[in-house]
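Participant: Residue-level listing of the chains:
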Amino acid sequence: MAADTVIEVEGLRTCFGETCIHDGVNLSVRRGEVLGIVGGSGTGKSVLLREIIMLHEPTAGTIRLFGEETGDLDEAAADRLRRRMGVMFQHGALFSSLTVLENVMVPLREQLRLPPALMESVAALKIALAGLPADAGPKFPRQLSGGMLKRAAVARALALDPELLFLDEPSAGLDPVSANALDELILQLRDSLGLTVVMVTHDLDSLWRVSDRVAFLGEKKVIGLGSMETLSRSEHPLISTYFQGPRGRAAKEHAWAGR
Amino acid sequence: MNSALPPPGDIESGPDAGTFRLTGAWTTAHLERLRLRLERSPWPAAGAVRLQAGALEALDTGGAWLLQGLLGELRGRGLQPRLDGLRGEFTALLELVRERLGESVPAAPPPREGTLAWLGREAWRRAEEGLALLAFFGETVVALGRNLLHPGRIRRHALLESLQSAGVNALPILALLSFLIGVVIAYQGGVQLKTYGANIFIVELVTITMLRELAPLMAAIIVAGRTGSAFTAQIGTMQVTEEIDALRTIGIAPMDLLVLPKLFGLVLALPLLTVFADAFGVLGGMTMATLMLDVSFGDFLDRVPQAVSATSFLIGVGKAPVFAAIIALVGCYQGFRVSGGADSVGRQTTKSVVQSIFLVIIADAVFSILYSWLGI
Numbered sequence: 001m002a003a004d005t006v007i008e009v010e011g012l013r014t015c016f017g018e019t020c021i022h023d024g025v026n027l028s029v030r031r032g033e034v035l036g037i038v039g040g041s042g043t044g045k046s047v048l049l050r051e052i053i054m055l056h057e058p059t060a061g062t063i064r065l066f067g068e069e070t071g072d073l074d075e076a077a078a079d080r081l082r083r084r085m086g087v088m089f090q091h092g093a094l095f096s097s098l099t100v101l102e103n104v105m106v107p108l109r110e111q112l113r114l115p116p117a118l119m120e121s122v123a124a125l126k127i128a129l130a131g132l133p134a135d136a137g138p139k140f141p142r143q144l145s146g147g148m149l150k151r152a153a154v155a156r157a158l159a160l161d162p163e164l165l166f167l168d169e170p171s172a173g174l175d176p177v178s179a180n181a182l183d184e185l186i187l188q189l190r191d192s193l194g195l196t197v198v199m200v201t202h203d204l205d206s207l208w209r210v211s212d213r214v215a216f217l218g219e220k221k222v223i224g225l226g227s228m229e230t231l232s233r234s235e236h237p238l239i240s241t242y243f244q245g246p247r248g249r250a251a252k253e254h255a256w257a258g259r
Numbered sequence: 001m002n003s004a005l006p007p008p009g010d011i012e013s014g015p016d017a018g019t020f021r022l023t024g025a026w027t028t029a030h031l032e033r034l035r036l037r038l039e040r041s042p043w044p045a046a047g048a049v050r051l052q053a054g055a056l057e058a059l060d061t062g063g064a065w066l067l068q069g070l071l072g073e074l075r076g077r078g079l080q081p082r083l084d085g086l087r088g089e090f091t092a093l094l095e096l097v098r099e100r101l102g103e104s105v106p107a108a109p110p111p112r113e114g115t116l117a118w119l120g121r122e123a124w125r126r127a128e129e130g131l132a133l134l135a136f137f138g139e140t141v142v143a144l145g146r147n148l149l150h151p152g153r154i155r156r157h158a159l160l161e162s163l164q165s166a167g168v169n170a171l172p173i174l175a176l177l178s179f180l181i182g183v184v185i186a187y188q189g190g191v192q193l194k195t196y197g198a199n200i201f202i203v204e205l206v207t208i209t210m211l212r213e214l215a216p217l218m219a220a221i222i223v224a225g226r227t228g229s230a231f232t233a234q235i236g237t238m239q240v241t242e243e244i245d246a247l248r249t250i251g252i253a254p255m256d257l258l259v260l261p262k263l264f265g266l267v268l269a270l271p272l273l274t275v276f277a278d279a280f281g282v283l284g285g286m287t288m289a290t291l292m293l294d295v296s297f298g299d300f301l302d303r304v305p306q307a308v309s310a311t312s313f314l315i316g317v318g319k320a321p322v323f324a325a326i327i328a329l330v331g332c333y334q335g336f337r338v339s340g341g342a343d344s345v346g347r348q349t350t351k352s353v354v355q356s357i358f359l360v361i362i363a364d365a366v367f368s369i370l371y372s373w374l375g376i
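Chains as they are written, first to last, in my numbering: chain A, 1 to 259; chain B, 1 to 376.
Derived by calculation from the structure, the hints in this document are not laboratory data.
Watch out, some of these pointers could steer you wrong.
Claimed, not checked - The calculated lysine to aspartate or glutamate pairs, modelled on EDC-like cross-linking and capped at a C-alpha distance of 20 Å, are: (1) A/Lys221 / A/Glu120; (2) A/Lys139 / A/Glu169; (3) A/Lys139 / B/Asp343; (4) A/Lys139 / B/Glu113; (5) A/Lys252 / A/Glu184.
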């Protein structure tokens, strides 16, 4: 395995009872890249993500994170791996009984030994990094708007300065301004922290802007892998209908205009 | 990536005056140590400070924040700090942190409130809660009137469902508990009666206490714990997932669909459950009477008509609809009070059970006073 491969998925198969949604998925993610996972509804994008972050066990196949096979890890080793990844869930999954600041402090408190005052400063820093105003810190998740929730979730995912960041539908439900700001944030973090980012998204604009490579899921496997330009020229019927629709073309023109 | 971790971050002074070397990993895990090292560093009183960052091995956002803070503080003391040899990506990180922190002003911690303010706010909250419960009661009565005028609007399916879940499904647990309560009363009372040779009076003891007081109360408490809490959790969760709002937009009044069937269901079910609890409580007492006091089932049953009047039975059963209304109303009301997320559902559910049992016992006391006035 190449030294700069962070995630390696091999021969992955996922079945729920009789129906299989993955059969022979192969994918590798390089260090420092932003990889988008796309595909129609029900092609198992989120399930793939959940399998990589060790929330769901695949039916067959192997997943290697930082060179370690996740299938046969003991709890301690799995925890060590988890410390190196941050996950932003689709609906934020912020703990509703805690304020935003406390939410960000949860991973810090669990994993590091720091005095409370310092921990608060670090959490406040992450909140600022995620682009939230400082007065969002003492608020509860229910008092935040959708866009702010996503940012707070990013702040929590970034709490431990992970090497690997997973984003499930980061821009879904965001206004264009917030979505752009989030894209910008992802790029900045990638450049300055050397983050590897894996994101599941339907947002074509954001794919054009931030992703280095895109994996297209369909027919139970990865049927296309490459930059957006390569994929958008693909002849495969599933991929071309996905990217050649009016939205796809608009996003592409938008992306070219922005260069 | 199996290379050895870089050593914890450090700062060393020298070799020249006013020169410092930053080494190791400036990461969040080592922040506290780094902060102390920075405090103890021999910073010059004036002039230029050169920070050589060439040997810095790792920097994360926490470390960058500390470094940024250090530069700011040194400048604040009138020194001229200069950062040399920082790697390109670290410079970008430092820049990112500076930019983001610059945008945000640290929030002032919310002021702590005094005891008086707390007392006032709690009192207000409680008064407001009482008023809201009253308002909810009023709303329910209005909806009830509307439904009684147009019986076609009553949701029959929801009504049957709540009869099933609140009534039929509660039978086994209620039977067991009532039986045990009957056993306990007969046992405790029997020990006393036996010393006076008044064994047969066990019939009065068991039937009057069960029929008049304990059976309705037991049934109400079990239903409050089982069904009242379920009402709150169901309506509360629907509130969180905006299902209630969805109902409103479709043109279904949540009152009609969610509250009234529950209220009707419980008002019908609880009196029946009470009769059921009566039977099992008396059976428990009878069992104990046979085993301990040599009062056979036959003797026991023969004496029941003399021991207890039909009024006692009706009084017990008559309380049940009132208890049922209290439980259903409080359960639904607390469900609608849910706001926010999962923790709120839990909190309101607890409140619902505590409040409904509390109100049921208060109502029971009121009934006792009422009956003694009326002399029955």
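Participant: Please go over all the hints and tell whether each is borne out by the structure.
Facilitator: Each hint tested on the structure:
This hinted pair does not check out: A/Lys221 and A/Glu120 have alpha carbons roughly 44 Å apart, beyond 20 Å. Annotation: proposed proximity of A/Lys139 to A/Glu169 is violated, straight-line Cα distance about 24 Å (limit 20 Å). About 15 Å separates the Cα atoms of A/Lys139 and B/Asp343, which keeps this hinted pair within 20 Å; it holds. For a cut-off of 20 Å, the pair hint linking A/Lys139 to B/Glu113 stands: about 17 Å separates their Cα positions.
Annotation: proposed proximity of A/Lys252 to A/Glu184 holds, straight-line Cα distance about 18 Å (limit 20 Å).
Checked against the numbered hints given earlier, the structure breaks hints 1 and 2 and satisfies all the rest.
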